[in-house]
Every structure is written in structure tokens, then in C-alpha cells.
Amino acid sequence: MPQMTDESVRAGSTREDDISFYEKVLAAAPNGEQLRLCLECGNCSGICPFGYLMTYPPSRLIAMLRADRFNKVLETDTVWMCVSCYACTAVCPSKIPLTFGLMTSVKEELLLAGNVPAELQTALANSQRYGNPQGESPRKRADWANGIQPEVKIMGKVKQPVDVLWFVGDYPSYHPRVQSTTKALAKVLNALGVDFGILGPDESSDGDSQRLAGERGLFEMLAEKNGKVFSKYQFNRIITTDPHAYNAIKNEYPRLGISYPVQHFTEYLVEHLEQLTPLLKHEVKAKVTYHDPCYLGRANGIFDQPRALLEAIPGVELVEMAHNHANSLCCGGGGGGMWLDGFQWEKAHVRMSDWRVREAVTSGASILAVACPYETPRFEDAVKSLNGSGPLIVKDIAELLAESLG
Amino acid sequence: MNIVALFKLVPDLVEELEIDGNGTALNMDFLRLIINEFDDHAIEQAILLKERGGAQVSILGPDIEGVEDVLYTAASKGADRLIKLTGDFQGKANNHAMARAVTSALKELQPDLILTGVQANTDLDGSLGPLLAEYLDMPYVGYVSGVKVADGKVITRKEYPGGLVAEMEIKLPAVLGIQAAEQPPRYIAVAKVRQAMKTATIEVRTLAESDLSGGSTIRRMFKPEAGTRAEMIEGSAEEVTTRLLDIFKEIGVL
Ligand code: SF4
Ligand code: SF4
Numbered sequence: 001m002p003q004m005t006d007e008s009v010r011a012g013s014t015r016e017d018d019i020s021f022y023e024k025v026l027a028a029a030p031n032g033e034q035l036r037l038c039l040e041c042g043n044c045s046g047i048c049p050f051g052y053l054m055t056y057p058p059s060r061l062i063a064m065l066r067a068d069r070f071n072k073v074l075e076t077d078t079v080w081m082c083v084s085c086y087a088c089t090a091v092c093p094s095k096i097p098l099t100f101g102l103m104t105s106v107k108e109e110l111l112l113a114g115n116v117p118a119e120l121q122t123a124l125a126n127s128q129r130y131g132n133p134q135g136e137s138p139r140k141r142a143d144w145a146n147g148i149q150p151e152v153k154i155m156g157k158v159k160q161p162v163d164v165l166w167f168v169g170d171y172p173s174y175h176p177r178v179q180s181t182t183k184a185l186a187k188v189l190n191a192l193g194v195d196f197g198i199l200g201p202d203e204s205s206d207g208d209s210q211r212l213a214g215e216r217g218l219f220e221m222l223a224e225k226n227g228k229v230f231s232k233y234q235f236n237r238i239i240t241t242d243p244h245a246y247n248a249i250k251n252e253y254p255r256l257g258i259s260y261p262v263q264h265f266t267e268y269l270v271e272h273l274e275q276l277t278p279l280l281k282h283e284v285k286a287k288v289t290y291h292d293p294c295y296l297g298r299a300n301g302i303f304d305q306p307r308a309l310l311e312a313i314p315g316v317e318l319v320e321m322a323h324n325h326a327n328s329l330c331c332g333g334g335g336g337g338m339w340l341d342g343f344q345w346e347k348a349h350v351r352m353s354d355w356r357v358r359e360a361v362t363s364g365a366s367i368l369a370v371a372c373p374y375e376t377p378r379f380e381d382a383v384k385s386l387n388g389s390g391p392l393i394v395k396d397i398a399e400l401l402a403e404s405l406g
Numbered sequence: 001m002n003i004v005a006l007f008k009l010v011p012d013l014v015e016e017l018e019i020d021g022n023g024t025a026l027n028m029d030f031l032r033l034i035i036n037e038f039d040d041h042a043i044e045q046a047i048l049l050k051e052r053g054g055a056q057v058s059i060l061g062p063d064i065e066g067v068e069d070v071l072y073t074a075a076s077k078g079a080d081r082l083i084k085l086t087g088d089f090q091g092k093a094n095n096h097a098m099a100r101a102v103t104s105a106l107k108e109l110q111p112d113l114i115l116t117g118v119q120a121n122t123d124l125d126g127s128l129g130p131l132l133a134e135y136l137d138m139p140y141v142g143y144v145s146g147v148k149v150a151d152g153k154v155i156t157r158k159e160y161p162g163g164l165v166a167e168m169e170i171k172l173p174a175v176l177g178i179q180a181a182e183q184p185p186r187y188i189a190v191a192k193v194r195q196a197m198k199t200a201t202i203e204v205r206t207l208a209e210s211d212l213s214g215g216s217t218i219r220r221m222f223k224p225e226a227g228t229r230a231e232m233i234e235g236s237a238e239e240v241t242t243r244l245l246d247i248f249k250e251i252g253v254l
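Protein sequence lines correspond, in order, to chains H and B.
FYI, the numbering used here numbers position 405 of the first sequence as 405, with every residue one higher than the one before it.
FYI, the numbering used here numbers position 55 of the second sequence as 55, with every residue one higher than the one before it.
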């Protein structure tokens, strides 16, 4: 048996395009070269929530790559079950960047080969043309702010520097349910007297979920657009409603030369907790459980800040679900999952959000608190469709804070 | 086999439409143009035919905002020739004028098959396909949702209201008005379109002076006006239901 060297892993794939694919995985993420160190322990495939439905879950993908049979992978479509939840990456003993590196690169290959579920194509085409996956009018991106007092500053209109640039995001701007979170966050920021502005029609999708769905070119196009807009205005830092936007601006934009200090709103608010706490006058008397969003928790290590905010609300009793912190279960919306509901339902006949809502009910909580705009609609849909989850209420942390402000 | 797909760019209805100051046209200040959806299907159908049986596919469109995006995207799908047509496409241009003006550019390409969308939201003087067929002296079939090629002929699937479908055989050359391609227009990754921008070339044809005769003239353009026979009930849900109940009682259904 030949000795296992870097070359032999690489030489395992003798075909030109396999080699280039291998190189692509190496280049796709920092530490990509760790791929050579896979132990075939199978932890990744075991923890993957939809691994049991994938023809090639992560460890088998690596085996196929090593066995020079990657072309077989391109004939399958179950890689589209991956919701980029980061669970595999978090448990890999060899620290292989499975989510950003391997899974995303495979999706990219499938996308270039035209092997893409139709629902996803629509979201990508919309993002390309309108700068948001829903296909809404870019001119209406700031319409949610109509009537808010004091008026929300739109950077292109007020033409003055602000302290905080609030990157609102796609779902917070347009989704009717999520808009109430957005308004709640505006209320909290106003109560704290924060000098903030938004980009409105100038803002494009952060592109992170499109990137994790394999559309790197689109991600770069959107990032470049946002980068140009950022450079037009003066501000000290960016805050985001959406953990995906936070992840993109923090970890991916700098690789394209777009670097700004950025915080998720929960991080930002915790820094101002001393000021915020005395304003939280109204009790929210409830047992509350908190769902760690993949891109806040596992991917970026923000576990304590959202919990600290919840605990600052008088009356809140925080309880944990069985899966919490780094073990949190995905809501199913990431990595293109938001735009693959039909496709994934056909294969799974279950939704990840159903699993999560059942856990929330079991925890004894009456409120499921979230911190990501994908989650409110996903979990509310699950609550509606599951027997016995009736009284569970889904609220974003921003909404609970706004309620407590009164 | 030479296939030509001809497309129009039309206002993108993602924005709410406004009427311009003269009251005879749309306010185009903020509207973006987008490929007419049916024309997008015509391009897809052309590519499908090429993939299935081999063909040279040429894509033609008017040289206005957005044309290059459509052409380069078509190139990434597999189109062979990209042609933009310069001429008067703004203002009063109509389908009669467009059809007459493109006749010579089309003849030069010696097409066996011309595919175009069956209709567009800017068609005020009939759709483009039948007019083209008339000026080129070719047969036309519209509302087509499937095309097979066999020895100098095509067999089309044409849809009728009420769920009826007809298969029709047509001698080539011919013009088809495409209602739907056999599969939805495919998504092309941005990286591929960017690559096409570097490698593909766009040819330019200048069209003859436009002859507007046969088209229609817009006298007045307006948003739907509320009729006098409808009573719009306003107010809170409670006020509206109370008023509704009163009305039901008045007319004797309650
Ligand atoms: S967890 Fe890591 S080391 Fe183990 S099989 Fe998966 S990729 Fe390989
Ligand atoms: S990122 Fe999540 S869904 Fe994707 S392969 Fe890893 S564990 Fe599975």
C-alpha cells in the first residue's frame, strides 16, 4: 500500500476536474487543506440533521473525493438537503471546514452543472435582479420604517454621518411577520437614543445564504454592491438584525477587501445593558427558552449575549431546551434552506423546525425566543402545524425587549 | 438548422406603474426593463432544441437598457450569435414598426425557425409573431408549449382553452409564438455570465427607419377608475361588518 502523503490524497483523484475541485475546496475556506486529515470517523455525518437522507453526507463525500469518484456525486441531488448548519464542522476532530469548504464547494459544482432545484433558482435569480431573494421592489426596502417616530434616517436622504449603520437585511425589510421585529428593534434603538441610520433602497442582500447555497459569484456581486454603498457613507460601526448578514460582513466581506467593525444587534445591546436595564419596566411573566441560531452560536460563538438580554427583562424565567448552545438544532432555513422547503419536504416529509418546536414545548416554555429573522416565520409555521404545540409563542428578542419597554 | 430567438424588453412590473405628465404613456423615470417573460421561454426553447438535435442559435434584441445582460446570459446558456438591433425603440415604436424593421436582419440570418414570445405586456397593436410571419411570408403558430424537429418540419404542441392540446406539423421556415418552453428558463450562475461577458461578442445591426403605420395611437392612459355603482365601505372591521349587515337587510337577504 502506498504511503499516505498529501500527494496520494490528491493523486487519488487523477482526473483533471477532480483535482481542480480538490483545489477549490482547499481554497474555499481558511484551513481548507485540513481536508487531507479526515479520519473517516463519521462524526460529521452522524450529527448532520439531514445526513440520513443524503446519498453522500460529508464523510462519504470525502471518501468519494479520495476514491476519484466525485463525478458520481454530481449525478445526485441530496447535497441540497444541507442547510449549512455548521454542526458537522463543529464536531470534526480534524477541524475540517466542512460547511464553508466542502459542502458549499459541492453545491457550487452542482450549480455550475445546472443541477439546481427550481425553487432555489427563483431565489437566486431574484437576488441577482432585485438584490433580495423574495423578488421585492428595491425601492420599497425601507417602507417598513414609514411612520416610525423619531423618523428612521435613510443614509442616502439625510446625507450626514451616524454612529451606527444598521444593516437591516432582506427578511427584516420585507417579510410581513419579520417587519414587526424590525420595528421593535427600531423602538429599542430609539429608546436608547442611538444615533443610527439605514441604507434603505441602497442596501442589497448580504448574500451569505446564496453563497452557502453554492452561488459564490452572486455573493461576490452583492458584497461588492454593499461594499460600494458602505464606502459612500460615514459611520462608526455596523449592526445587523440577521446573523447571516453578521457572518458575511464579519468573516467573508474582509476577504473581498470590505472591512468594517460589525456586531449582531444582541452583541451591541449587551454593551449598552446598563443603560437598557432601567428602561425595561414592564414584566414579561413567562418561561422563555432561547433558540441559538447557527450563525450566531456555533459559527460565531455568540451564546451569552442573547441570554443576557432575555434575563434583563423582568419576569422572564429562562429555561434551556435539550439541544442548546453549540448543540442547538438548526431551524432549517440556512444555506438555501429558506428556498428549498418544497424540495426538502419531498425528500424528508418532516421539517427541522418541527423538531425544534417540539423541544421547545417539552422544555415547558411558553415563549420560544429567537434572534434570527428566518426563525420567526419558520417556527410559527411549525407551531401551527403541530398538534399540542398550540400555546407556544414565537418572539424575537427585539420584540420581547420592545414589549418590556412598554 | 438555424434558429433565431427574438426578444423584447418590457417594463418590470415589480414596481407600481405611474402615468407620465402627458397622460399617454408610462412614467419610465424609475422603471427598469426586463426581458418579456414569454421571450425568455422562447430563448430556452431554442437552447433545448440545440441541445437535443444540434442547431445554430442566434439571439436578437433591441439595443436598450438591459439588452447586454440578456444576450450574455443567453450566450452562457449556449447561444451562438448575439445581435443587438439599433433603431428607434422608444417613444411611439409599435410591433408593426418593429416587425417591419427587423425583417431584413432576419432574412440575412436565413432562419429555419424563428421563436418569439407569444405576447408581451407592451403589445398594443397585436403580438409580434404573426406580424413577423406576415412580413417574412412564413407560417405562424402561437401558444406553443413544445417543439419537435423532424425532417424539414416541426411538430408543435399548441394549447387551447379548456385544456385542449393540438399537435401541428409545420413546414420550415416558420415563426412560432412560444407560450412556455418545455422546461422553465434555467438559472445561470453569475460566474458563468461574467465569463461570457469576457469571451462572447455582440454584433450590431442597424435597423431601417421605423414605419409606424398599422399601429395604434394612445389617446389617454389611466389607472382603473372606480365605477359609481360600487360602494366602497371604509372603516374598522366592526364598522364594515355593521354596514354590511345593514345593506343585507336593506336588500332583503337577511
Ligand atoms: S468528522 Fe471530520 S474527521 Fe470525522 S469523518 Fe467527518 S470530516 Fe472526517
Ligand atoms: S452543515 Fe449541517 S446540514 Fe450541512 S452537512 Fe453539515 S451538518 Fe449536515
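Don't read these hints as lab results, they were simulated from the structure.
It is possible that some hints are incorrect.
[Unchecked claim] Facing chain B, a subset of chain H residues (Cβ under 8 Å, in silico):
1. Glu109
2. Leu111
3. Val116
4. Gln121
5. Leu124
6. Ala125
7. Tyr130
8. Gln134
9. Gly135
10. Ser137
11. Arg139
12. Gly217
13. Leu218
14. Met221
No residue lacks a Cβ here, since even glycine has one placed at the ideal position from N, Cα and C.
Status of the hints after comparison with the structure:
At its closest, the beta carbon of H:Glu109 sits 11 Å from a beta carbon of chain B; the interface hint therefore is violated under the 8 Å criterion. For H:Leu111, the interface hint holds, since its Cβ comes within 8 Å of a Cβ in chain B; the closest pair sits about 5 Å apart. For H:Val116, the suggested interface contact is upheld, since its CB lies about 6 Å from the closest CB of chain B, less than 8 Å. With its C-beta approaching chain B no nearer than about 4 Å, H:Gln121 sits inside the 8 Å limit, and its interface hint holds.
Hint on H:Leu124 holds. Least Cβ distance to chain B is approximately 6 Å, under the 8 Å limit. Interface restraint check for H:Ala125: the shortest CB-CB distance to chain B comes to about 6 Å, inside 8 Å, so the restraint holds. With 8 Å as the threshold, the beta carbon of H:Tyr130 comes within range of chain B, its nearest partner Cβ sitting at about 6 Å, so the hint holds. Hint status for H:Gln134 relative to chain B: violated, with the closest Cβ pair at about 10 Å, above 8 Å.
With its C-beta approaching chain B no nearer than about 7 Å, H:Gly135 sits inside the 8 Å limit, and its interface hint holds. For H:Ser137, the interface hint holds, since its Cβ comes within 8 Å of a Cβ in chain B; the closest pair sits about 5 Å apart. Checking H:Arg139 against chain B by beta carbon gives a least distance of about 6 Å; that is within 8 Å, so the hint holds. Here the hint on H:Gly217 is kept, as its CB sits about 3 Å from the closest CB of chain B, short of 8 Å.
The interface hint given for H:Leu218 is met, as the beta carbon of that residue sits about 5 Å from the closest beta carbon of chain B, less than 8 Å. The beta carbon of H:Met221 comes within 5 Å of a beta carbon in chain B, closer than 8 Å, and the hint placing it at the interface holds.
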